[in-house]
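2 protein chains.
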Amino acid sequence: MVHTHVQDVDTAARAAAAAAPEFAALPLTRRAGLLRAVAAELRAESAAIIAAADEESHLGVPRLTGELERTCVQLELFADAVQAGAFLEAIIDHADPAAKPAPRPDLRRMLAPLGPVAVFAASNFPLAFSVAGGDTASALAAGCPVVVKAHPGHPRTSELVASILARVLPTGVFGIVYGFEAGPALVQHPAIKAVGFTGSLAGGRALFDLASARPEPIPFYGELGSLNPAVVTPAAIAERGQEIAEGFIGSFTMGSGQFCTKPGLLFLPEGHGLTFDLTAVTTGQLLTENIEKGYAAGVTDLAAAPGVRQLAGPAPALFTAPAAALTGPLLEECFGPASVIVEYASPAELLSVLGTLPGSLTGTVHTGADDDVAPQVLPVLAGLAGRVLVNGWPTGVAVTAAQQHGGPWPSATTSMYTSVGETAIRRFLRPVAYQNVPDALLPEALQESNPLGIPRRVS
Amino acid sequence: MVHTHVQDVDTAARAAAAAAPEFAALPLTRRAGLLRAVAAELRAESAAIIAAADEESHLGVPRLTGELERTCVQLELFADAVQAGAFLEAIIDHADPAAKPAPRPDLRRMLAPLGPVAVFAASNFPLAFSVAGGDTASALAAGCPVVVKAHPGHPRTSELVASILARVLPTGVFGIVYGFEAGPALVQHPAIKAVGFTGSLAGGRALFDLASARPEPIPFYGELGSLNPAVVTPAAIAERGQEIAEGFIGSFTMGSGQFCTKPGLLFLPEGHGLTFDLTAVTTGQLLTENIEKGYAAGVTDLAAAPGVRQLAGPAPALFTAPAAALTGPLLEECFGPASVIVEYASPAELLSVLGTLPGSLTGTVHTGADDDVAPQVLPVLAGLAGRVLVNGWPTGVAVTAAQQHGGPWPSATTSMYTSVGETAIRRFLRPVAYQNVPDALLPEALQESNPLGIPRRVS
Chain L
79 MVHTHVQDVD
89 TAARAAAAAA
99 PEFAALPLTR
109 RAGLLRAVAA
119 ELRAESAAII
129 AAADEESHLG
139 VPRLTGELER
149 TCVQLELFAD
159 AVQAGAFLEA
169 IIDHADPAAK
179 PAPRPDLRRM
189 LAPLGPVAVF
199 AASNFPLAFS
209 VAGGDTASAL
219 AAGCPVVVKA
229 HPGHPRTSEL
239 VASILARVLP
249 TGVFGIVYGF
259 EAGPALVQHP
269 AIKAVGFTGS
279 LAGGRALFDL
289 ASARPEPIPF
299 YGELGSLNPA
309 VVTPAAIAER
319 GQEIAEGFIG
329 SFTMGSGQFC
339 TKPGLLFLPE
349 GHGLTFDLTA
359 VTTGQLLTEN
369 IEKGYAAGVT
379 DLAAAPGVRQ
389 LAGPAPALFT
399 APAAALTGPL
409 LEECFGPASV
419 IVEYASPAEL
429 LSVLGTLPGS
439 LTGTVHTGAD
449 DDVAPQVLPV
459 LAGLAGRVLV
469 NGWPTGVAVT
479 AAQQHGGPWP
489 SATTSMYTSV
499 GETAIRRFLR
509 PVAYQNVPDA
519 LLPEALQESN
529 PLGIPRRVS
Chain D
79 MVHTHVQDVD
89 TAARAAAAAA
99 PEFAALPLTR
109 RAGLLRAVAA
119 ELRAESAAII
129 AAADEESHLG
139 VPRLTGELER
149 TCVQLELFAD
159 AVQAGAFLEA
169 IIDHADPAAK
179 PAPRPDLRRM
189 LAPLGPVAVF
199 AASNFPLAFS
209 VAGGDTASAL
219 AAGCPVVVKA
229 HPGHPRTSEL
239 VASILARVLP
249 TGVFGIVYGF
259 EAGPALVQHP
269 AIKAVGFTGS
279 LAGGRALFDL
289 ASARPEPIPF
299 YGELGSLNPA
309 VVTPAAIAER
319 GQEIAEGFIG
329 SFTMGSGQFC
339 TKPGLLFLPE
349 GHGLTFDLTA
359 VTTGQLLTEN
369 IEKGYAAGVT
379 DLAAAPGVRQ
389 LAGPAPALFT
399 APAAALTGPL
409 LEECFGPASV
419 IVEYASPAEL
429 LSVLGTLPGS
439 LTGTVHTGAD
449 DDVAPQVLPV
459 LAGLAGRVLV
469 NGWPTGVAVT
479 AAQQHGGPWP
489 SATTSMYTSV
499 GETAIRRFLR
509 PVAYQNVPDA
519 LLPEALQESN
529 PLGIPRRVS
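So the sequence lines, in the order shown, correspond to chains L and D.
When we follow our numbering, the leftmost residue of the first sequence carries the number 79, and every step to the right adds one.
When we follow our numbering, the leftmost residue of the second sequence carries the number 79, and every step to the right adds one.
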């Protein structure tokens, strides 16, 4: 249906580069208006988009209806942020001829867009993390044109959404390319100045390596794989163990386990006495044939791992193992409705094992009254994850200013940014300082009278 | 005198990793106090430090006296920033059960230290960009232990300063390693979580490649090489051409041209009629034998480049060439007291040639009355540099909040951060979000009552 040539990548990337200066220079209100217009058009065409996405992803109309709304709300959140202007991080240091050890010039700093951004769409959110998803919305909010590499799992949905973006945005500001070979070509194209990616560890690493090896290396923001450990303390078991067991089942099987925040490891004290009844839980067809294959292989590996006992499966699949067995496939994400219960003999063993886990998007602790374990667990989780939760489940990622979706490697290629929430814009910006520049030559955001009325730090 | 073994790197990196959690958890006032204590000790031992630095660098006592004070002021600036707490970028989103499309949990975000940082000291600022320089100060301010790779150009100065840091800071928080082979080992050590580097393009690229190829890639902040183009418009020539010529000579020969912000290209309109009298300008011995060799080779390459005419040399060296000849060695930094005058035939040619320049730390324009060229030049310079100046010279980098020292490749490995000024701290931090975490388990910075009294964004 859709044919790809490396030539398309070049065309899209050059068009983005040509459009970049004018798009960067648009008034913030106009940039915000464009984001809102995309949201409005997505809502107007929601029926067709949701129908296509459901057919291609098997995720169901209710979920996709919510996801489309989330996509629109995301665009509107970024529009609000653009208009508010705090994301520019404007700082004004007035001249100080008396400063020690040397007189200070007038210096004014703001953030400026990096240039065209490549966005690799995710399979598991065909709307919210795909063509008009968070990466695209935050790059556009930053003032960067976007070229999306469509995910092969939902090409029709991608085209529908892409046609809206292409129609609403100025020429060249949005482009889309299809096909496996378009990916490396896009990452290596000299006009591309940053990459947003959601996908597998292997695929993400390969593209990260290309981005880093360019003659001019560029930032690569990859969200790769995450175990999302959840710890239940003895105090929590005593208080509401069975309720936690049920919450866990709901969380790791939700959406057929196809969330990057699925709890893949549940730490329970030995002798917890909880039961995990999965007989009534059914999971749907997975997103793509590749994901089905990967899931089957992952479940086979887990079942064969030393010390591991299978409690249910193949879908949903649940395993249990002592903390001492936590190596090999138990430390790799199995994408889909599978999880592993890890039993710890003592708080000391728990803390020691948590210290060996790879980086995660999230870390959770369930605590109870007079709990002396949770206060020790929480800082360890904060050391290995981007978001820590108490008495909750990590699936479900609020799109707010304080959100952090991105943790230490391998959950993300860099832990320094989020791909969800308002501060995601910062990924596509660089500071520029203006020294002794007359008001008439300054960008409006830095002019003395603050004509945009944005928040600025002034000394 | 100083012997290096890769074993030393391992020892220092492990000690840093062991010290990291406790150092990160120190109260901000204590962290700030340590930075101030380092500054106080540097001042107390300034005579010995300056004497050693002068002997090793040939930069002279007046310059080094100023540089030591700058180093102390830098440490104190970061101490102030740590205590003020704005650098934590705390954001608090209170729970909102009525939020659409989904209820919102309580989410609180702050920045947390990345872990041990490797710092590669620079040759050209044996104090301010070396052992206790900006990279070290900003990493410590972020709450990260530091292992410095000493520059071979000033080993005794390095040891004197290192002994102060080791004495003042908690055990393991500061380490230093010597010798060429220590560099790659440090960048590849699993305990190291980020790198700050100031040096050559070739050396920086090699270490950046190692950092990116690690099993767990880490951020590498390299300040490499920069041409720092300065443009003089016809209006500026008409107004004060000869004054500009003299300012240019002062800027590119200052400190024997050994500044990363040295103007390496001066764009003048054809027929500018200016004279550049270098007969009275003497420059000193360069920092190291390697730099002397590199300078000699660079001057030879420039003299031999097609279309280039030599006006003075070998030190200081001045060349001139038409804009059409701006290729090859003219687009590479020649570290030392050399610069190239580039003559443009028209504003159109000027803008077109500026568009082909590599990224720079700075870009300058000299403007005059009723100038229609400068307003076109300024945005082009802002597109290729981290700092743009009007009617000034880029040498001299104010240490303030609005400073930006870092531009597009190859002036820096990433243009997204500064290595000078308060926001340099952000390079060594990552966000952590706390979801529905009870007050008693939250870091103080995020507790509801704001016990630290830091600025926070609360919704």
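Mixed in with the good hints there might be a few duds.
For lysine to aspartate or glutamate, the following DMTMM-like pairs were computed, each having C-alpha atoms within a straight-line distance of at most 25 Å [said to hold, decoys possible]:
1. L:LYS178 with D:ASP184
2. D:LYS178 with L:GLU123
3. D:LYS178 with L:GLU259
4. D:LYS371 with D:GLU147
5. D:LYS178 with L:GLU410
6. L:LYS371 with L:GLU119
7. L:LYS178 with D:ASP158
8. L:LYS371 with L:GLU259
9. L:LYS371 with L:GLU410
10. D:LYS371 with D:ASP158
11. D:LYS371 with D:GLU410
12. D:LYS178 with L:ASP158
13. L:LYS178 with D:ASP132
14. L:LYS178 with D:GLU123
15. L:LYS371 with L:GLU133
16. L:LYS371 with L:ASP132
17. L:LYS178 with D:GLU259
18. D:LYS178 with L:GLU119
19. D:LYS371 with D:GLU134
20. L:LYS178 with D:GLU410
21. D:LYS371 with D:GLU259
22. D:LYS178 with L:GLU154
Keep in mind the hints are simulated off the structure, nothing from the lab.
Keep in mind that this is a model prediction, so the values were computed, not measured.
Verification of the hints:
1. At most 25 Å may separate the alpha-carbon atoms for a hinted pair to count; L:LYS178 and D:ASP184 exceed this at roughly 44 Å.
2. Taken as a hint, the D:LYS178 and L:GLU123 pair is honoured in the structure, with Cα atoms around 20 Å apart against an allowance of 25 Å.
3. With a C-alpha separation of about 39 Å, the suggested pairing of D:LYS178 with L:GLU259 is violated against the 25 Å cut-off.
4. Distance check on the hinted pair: D:LYS371 and D:GLU147 sit about 31 Å apart at the alpha-carbon level, beyond 25 Å; violated.
5. A hinted pair counts as satisfied when its Cα atoms are at most 25 Å apart, and D:LYS178 with L:GLU410 does not qualify at roughly 34 Å.
6. Between the alpha carbons of L:LYS371 and L:GLU119 the distance comes to roughly 36 Å, so the proposed pair goes past 25 Å and is violated.
7. At roughly 15 Å between alpha-carbon atoms, L:LYS178 and D:ASP158 fall within 25 Å of each other, so this suggested pair holds.
8. Only pairs whose Cα atoms come within 25 Å are accepted, and L:LYS371 paired with L:GLU259 is accepted, the gap being roughly 22 Å.
9. A distance of roughly 16 Å separates the Cα atoms of L:LYS371 and L:GLU410; the hinted pair therefore holds under the 25 Å criterion.
10. Of the supplied pair hints, the one linking D:LYS371 and D:ASP158 is violated, its CA atoms being roughly 42 Å apart against a limit of 25 Å.
11. As the CA atoms of D:LYS371 and D:GLU410 are separated by approximately 16 Å, the hinted pair is consistent with the 25 Å bound.
12. For the proposed pair D:LYS178 and L:ASP158, the alpha carbon gap of about 15 Å is at most 25 Å, so the pair holds.
13. With a C-alpha separation of about 22 Å, the suggested pair L:LYS178 and D:ASP132 falls inside the 25 Å cut-off, and the hint holds.
14. At roughly 20 Å between alpha-carbon atoms, L:LYS178 and D:GLU123 fall within 25 Å of each other, so this suggested pair holds.
15. With a CA separation close to 20 Å, the supplied pair L:LYS371 and L:GLU133 stays within the 25 Å bound.
16. Note on L:LYS371 and L:ASP132: the hinted pairing holds, with a Cα-Cα distance of about 21 Å set against a maximum of 25 Å.
17. A distance of roughly 39 Å separates the Cα atoms of L:LYS178 and D:GLU259; the hinted pair therefore is violated under the 25 Å criterion.
18. For the suggested pair D:LYS178 and L:GLU119, the alpha carbons sit about 19 Å apart, so the restraint of at most 25 Å is met.
19. For the given pair, D:LYS371 sits about 17 Å from D:GLU134 by alpha-carbon distance, which is consistent with the 25 Å threshold.
20. Taken as a hint, the L:LYS178 and D:GLU410 pair is broken in the structure, with Cα atoms around 34 Å apart against an allowance of 25 Å.
21. Straight-line distance between C-alpha atoms of D:LYS371 and D:GLU259 comes to about 22 Å, which keeps the hinted pair within the 25 Å bound.
22. The suggested pairing of D:LYS178 with L:GLU154 holds, with an alpha-carbon distance near 12 Å, which does not exceed 25 Å.
Hint compliance for this structure: hints 1, 3, 4, 5, 6, 10, 17, 20 are broken, all remaining hints hold.
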